[in-house]
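Chains U and A are the protein sequences, given in the same order.
Counting from 556, one number per residue, gives the positions in the first sequence under our numbering.
Counting from 556, one number per residue, gives the positions in the second sequence under our numbering.
Just so you know, the hints here were simulated from the structure itself, not pulled from any lab data.
There may be inaccurate statements among the hints.
Unchecked claim - What the simulated footprint calls covered on chain A by chain U, stretch by stretch (three residues with Cβ under 8 Å from a Cβ of chain U suffice, anywhere in the stretch; the number is not a length):
| hint | region |
| --- | --- |
| 1 | 672-678 |
| 2 | 683-696 |
| 3 | 699-705 |
Stated by the list, open to error - DEER-style ranges, computed between Cβ atoms:
| hint | chain 1 | residue 1 | chain 2 | residue 2 | range |
| --- | --- | --- | --- | --- | --- |
| 4 | U | 719 | A | 633 | 38 to 48 Å |
| 5 | U | 575 | A | 594 | 39 to 49 Å |
| 6 | U | 699 | A | 699 | 13 to 23 Å |
| 7 | A | 735 | U | 605 | 49 to 59 Å |
| 8 | A | 699 | U | 634 | 11 to 21 Å |
| 9 | A | 581 | U | 623 | 18 to 28 Å |
| 10 | A | 610 | U | 639 | 48 to 58 Å |
| 11 | U | 578 | A | 653 | 22 to 32 Å |
| 12 | A | 699 | U | 591 | 37 to 47 Å |
| 13 | A | 670 | U | 712 | 28 to 38 Å |
| 14 | A | 633 | U | 715 | 39 to 49 Å |
| 15 | U | 633 | A | 710 | 40 to 50 Å |
| 16 | A | 668 | U | 721 | 33 to 43 Å |
| 17 | U | 712 | A | 578 | 51 to 61 Å |
As the list claims (entries may be wrong) - If the Cβ cut is set under 10 Å, some of the chain U residues that face chain A in the computed set are:
| hint | residue |
| --- | --- |
| 18 | 648 |
| 19 | 653 |
| 20 | 677 |
| 21 | 682 |
Because the structure is a prediction, the values reported are computed rather than measured.
By construction, the Cβ of each residue, glycine as well, lies at the ideal position given by its N, Cα and C atoms.
2 protein chains.
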Amino acid sequence: MLILLDQDGVLADFDAGFHAAWQQHYPHTVIPAREHRRSFYLLEDLPPHLREQAEALYTSPGFISNLPPVPGALEAWQALESMGFTLRICSTPLQQYENCVAEKYQWVEKHLGRAATRQLVLTADKTLVAADLLIDDNPEITGARAPTWEHVLFDAPYNQTVVGKKRINWQNWRGVLAGVMYVGEY
Amino acid sequence: MLILLDQDGVLADFDAGFHAAWQQHYPHTVIPAREHRRSFYLLEDLPPHLREQAEALYTSPGFISNLPPVPGALEAWQALESMGFTLRICSTPLQQYENCVAEKYQWVEKHLGRAATRQLVLTADKTLVAADLLIDDNPEITGARAPTWEHVLFDAPYNQTVVGKKRINWQNWRGVLAGVMYVGEY
Chain U
556 MLILLDQDGV LADFDAGFHA AWQQHYPHTV IPAREHRRSF YLLEDLPPHL
606 REQAEALYTS PGFISNLPPV PGALEAWQAL ESMGFTLRIC STPLQQYENC
656 VAEKYQWVEK HLGRAATRQL VLTADKTLVA ADLLIDDNPE ITGARAPTWE
706 HVLFDAPYNQ TVVGKKRINW QNWRGVLAGV MYVGEY
Chain A
556 MLILLDQDGV LADFDAGFHA AWQQHYPHTV IPAREHRRSF YLLEDLPPHL
606 REQAEALYTS PGFISNLPPV PGALEAWQAL ESMGFTLRIC STPLQQYENC
656 VAEKYQWVEK HLGRAATRQL VLTADKTLVA ADLLIDDNPE ITGARAPTWE
706 HVLFDAPYNQ TVVGKKRINW QNWRGVLAGV MYVGEY
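Next comes chain U alone, as it looks inside the complex (with noise of 0.2 Å):
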C-alpha cells in the first residue's frame, strides 16, 4: 500500500510559516488569518496590492526549510512507517525553484532524517505518479494522466465547500484511513 503525502499544507505548514514570517515584516499590515482563507492560492486571498511582497516572503531563502511542521504529521508520518505503509512526500515545487527545490529536501532531512530525501518525489504534475492515496490539501489536482491513486483532501479552511472527496487530518486519519483501506488489521 502506498501513500503519497503531499508536503507544503499537509507535512510543512506554509501558512503558519507564511504569517509568521508576515508579521515579522509588515506588523502594522493585517492579511486575512488563516481560518479565513477561501482559495487554495495564497496570493489570490491577498489584495493585489501586497501581492509582489508576499511571493517575495515566500521564495526568500530559508523560507522553506524552515517552515514548521504541521501539528501532528511527523507522529502521523511514523506511525504510518511504522505500520508497514510505503510513504512517499510528492510535491510540486514553486514556479520559482531557487531556493525551494533544494529547501524542500532541507526539510525532510531536518524533521524525517536524512534517508526520508529518497522518499521525496518532485513534479508538477502528481498524476503521473503512481500510488494507491494521495493525500493533499489541493482541492482539485489534474494533469496529464488518470491517476491511480485516490484522492483523500487533507482538511485546511480553503477546501471546505469540497464534496465528494474523503476528508483527513492529523486527528481522525487512523479512522479515515481503515475506512478507506480496509486496514482494520493493522
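Given chain U, put chain A in place with the hints provided.
The following block gives chain A in isolation, referenced to the frame of chain U:
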C-alpha cells in the same frame, strides 16, 4: 504518448563534464576514458583511492548546472515536442542533493527554457512515474512498483552487455521510436 527522458547521461553529458573537471583538477592522474567505462556508476570504474576526490568534483557547486548537453539531445527534444509527444524529464538526484537538485532545474532552464522546468520530475524511484516509455542509460531500473513504461536503453559504453531491451541514441532515435510505437504517421 508520454515519454520520460532521463537527465544525466541522456540529456546532460555527465561523463563529459566529469572528465573535463577531472582533467582540469588532476591533469596528471589518468582515469579510464568514457569508452572504457564498464559500470553505470562512475565511482565503480575508478580505483578506490580516487573515489573521494571524484565525488567531491561532481557534487561541487556548478558541476550539474554546467554540464554540456549530450550531442543531439536538444535537437531530439525539440523534434519530439513538435511531433506532439508529451515529454517529462525523469531524474534521480544524487544522494548529496545539496547542489544537485536546484542545478538540475537550472540546467533545464538554460537549455530547454524556463517553462520546461515544469516538465522535470525528481524521484529516487522511477517505477512510480507513469508513462509509455522511459529512455534511460541505467541498465537496470528497479523500485517499489511494476513500471507502466517500457524501458528503452539509451546507448552507453557501460550498458553494452544488456540484452532484451531496445536501444536508442540521438542518432537513431527516429527509427527506434517508429519501431517501438508504430509512429510511422509522424
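The hints, checked one at a time:
{"no.": "1", "hint": "672-678", "verdict": "holds (count 7)"}
{"no.": "2", "hint": "683-696", "verdict": "holds (count 4)"}
{"no.": "3", "hint": "699-705", "verdict": "holds (count 3)"}
{"no.": "4", "hint": "U:719 with A:633: 38 to 48 Å", "verdict": "holds, 41 Å"}
{"no.": "5", "hint": "U:575 with A:594: 39 to 49 Å", "verdict": "holds, 48 Å"}
{"no.": "6", "hint": "U:699 with A:699: 13 to 23 Å", "verdict": "holds, 21 Å"}
{"no.": "7", "hint": "A:735 with U:605: 49 to 59 Å", "verdict": "holds, 52 Å"}
{"no.": "8", "hint": "A:699 with U:634: 11 to 21 Å", "verdict": "holds, 20 Å"}
{"no.": "9", "hint": "A:581 with U:623: 18 to 28 Å", "verdict": "violated, 45 Å"}
{"no.": "10", "hint": "A:610 with U:639: 48 to 58 Å", "verdict": "violated, 34 Å"}
{"no.": "11", "hint": "U:578 with A:653: 22 to 32 Å", "verdict": "holds, 30 Å"}
{"no.": "12", "hint": "A:699 with U:591: 37 to 47 Å", "verdict": "holds, 40 Å"}
{"no.": "13", "hint": "A:670 with U:712: 28 to 38 Å", "verdict": "holds, 32 Å"}
{"no.": "14", "hint": "A:633 with U:715: 39 to 49 Å", "verdict": "holds, 45 Å"}
{"no.": "15", "hint": "U:633 with A:710: 40 to 50 Å", "verdict": "holds, 44 Å"}
{"no.": "16", "hint": "A:668 with U:721: 33 to 43 Å", "verdict": "holds, 39 Å"}
{"no.": "17", "hint": "U:712 with A:578: 51 to 61 Å", "verdict": "holds, 57 Å"}
{"no.": "18", "hint": "648", "verdict": "holds, 8 Å"}
{"no.": "19", "hint": "653", "verdict": "holds, 6 Å"}
{"no.": "20", "hint": "677", "verdict": "holds, 4 Å"}
{"no.": "21", "hint": "682", "verdict": "holds, 8 Å"}
Checked against the numbered hints above, the structure breaks hints 9 and 10 and satisfies the rest.
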